[in-house]
Amino acid sequence: MGDSQYSFSLTTFSPSGKLVQIEHALTAVGSGQTSLGIKAANGVVIATEKKLPSILVDEASVQKIQSLTPNIGLVYSGMGPDFRVLVRKSRKQAEQYHRLYKEPIPVTQLVRETAAVMQEFTQSGGVRPFGVSLLVAGFDDSGPQLYQVDPSGSYFSWKASAMGKNVSNAKTFLEKRYTEDMELDDAVHTAILTLKEGFEGQISGKNIEIGIIGADKKFRVLTPAEIEDYLAEVE
Amino acid sequence: MSITEYNGSALVAMVGKNCFAIASDRRLGVQLQTVATDFKRISQVHDRLFIGLSGLATDAQTLYQRLMFRHKLYQLREERDMKPETFASLVSAILYEKRFGPYFTQPVIAGLSDEDRPFICTMDSIGAKELAKDFVVAGTASESLYGACEAMFKPDMEPEELFETVSQALLSSVDRDCLSGWGGHVFVVTPTEVQEKILKGRMD
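Top to bottom, those sequences are chains A and B.
Heads up: the first sequence begins at 1 in my numbering, then just goes up one per residue.
Heads up: the second sequence begins at 1 in my numbering, then just goes up one per residue.
I should point out that these hints are in silico values taken from the structure, not numbers from a laboratory.
All values derive from a computational prediction rather than experimental measurement.
It is possible that part of the hints are untrue.
Stated by the list, open to error - Among the chain B residues that face chain A by a calculated CB cut under 10 Å, a handful are:
hint, residue
1, Y74
2, E78
3, K83
4, L90
Unchecked claim - Pair ranges (Cβ atoms, derived):
hint, chain 1, residue 1, chain 2, residue 2, range
5, B, A128, A, R220, 34 to 44 Å
6, B, K154, A, S142, 20 to 30 Å
7, B, R77, A, L231, 33 to 43 Å
8, A, K89, B, D114, 23 to 33 Å
9, A, T12, B, K98, 40 to 50 Å
10, A, G30, B, R117, 48 to 58 Å
Ideal Cβ positions, reconstructed from N, Cα and C, are used throughout, including at glycine.
Same shape as in the complex, but just chain A (with noise of 0.2 Å):
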């Protein structure tokens, strides 16, 4: 690798200070499908739209909603190829945590982790960033958390947020609809509300995703047919 054209990084600064292989990754993340997450006075969600190429699609083969450990998961906007790269190194990251101390990972550290290896890819030789923004959920001893994790690497903890192609609207509903005292039921119900406010055709259990994680500590991926009782909640 040392005598290649591409040992230097690509991702080098320009005269304005900014990192412009960064902000194409963020635009390819801005025009990747919507998603979203809300933390919960006793839980979290996270959501997205899981629009399919085509209808000879098989659905339920297609998980944009992954878990890193029993109590943590996450969803993405960007590049899916991307997001599978990261969460396999998160779960090994997570397995290695837990090896050495016998204790499930911190959802901070997990987060810190990811985000250096996102970091990583925009100062080494010959790779580029990530082109996917992240929505960790999790709940452990601190209590229910949500970071988003940019493909900077760097990284925020949310009471709500959303990223992708409806962003701007959504994070407007969100704000106007989020209250600190929320129960995790209705944290659903608003994350259904605000996909629906930007979604194209008819919302149903088969073209979204939902995941949640309860006082239980246990992230899970709503079944479809859940996921239709909580839309028939909402209308």
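Add chain B to chain A, keeping to what the hints say.
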């Protein structure tokens, strides 16, 4: 003489009612010669966690430095102290890293866990953890210590009685071991305070 008997040591930790005691002897020897009579074998990791390291003194010191390094970084990263169980897992992992060229030391870990529950454990020099509900021992005097503790231990002792029991067990055991002794160093830890006492026994 085996390498773990080069310096001589005696360590014991005992569980009481919402408290624990950890005690060691004070002799540092070079085989048959006594070189120090105030050697510290027990160190404080944070206000509710202590570790004692028996065996070869140089390995005990180096291992202690490595563990403090790891714990300080953990405190900075996670903004909290390590739980005793977590620390024990870390010590076990660090010892096993050196599986084929080990540290010649046997740790005794004692701390207060969640809800002020006392936690004690020991492990061999390659990290095999042994959790106990009553007492753990280590060092050249360990066989005598096992016998003395078994005879004198009672569950749910208050700090004062625990101190007496641990001290008697330690002093009577090191008296039967020529490589350990020259007094004792006892820590009795409750949720609110740490009592440190020096014992005067047979000074030989």
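Okay, the hints, checked on the actual structure:
1. Y74: Because about 9 Å separates Y74/B from the closest Cβ in chain A, which is inside the 10 Å limit, the hint holds.
2. E78: holds, 6 Å
3. K83: Holds, about 7 Å.
4. L90: This hint holds: L90/B lies near chain A, its Cβ roughly 6 Å from the closest one there, short of 10 Å.
5. A128/B / R220/A: 34 to 44 Å: holds, 37 Å
6. K154/B / S142/A: 20 to 30 Å: violated, 39 Å
7. R77/B / L231/A: 33 to 43 Å: Given a distance of about 42 Å, which is inside 33 to 43 Å, the answer is holds.
8. K89/A / D114/B: 23 to 33 Å: Between K89/A and D114/B, where Cβ atoms are some 31 Å apart, the hint holds.
9. T12/A / K98/B: 40 to 50 Å: holds, 43 Å
10. G30/A / R117/B: 48 to 58 Å: holds, 51 Å
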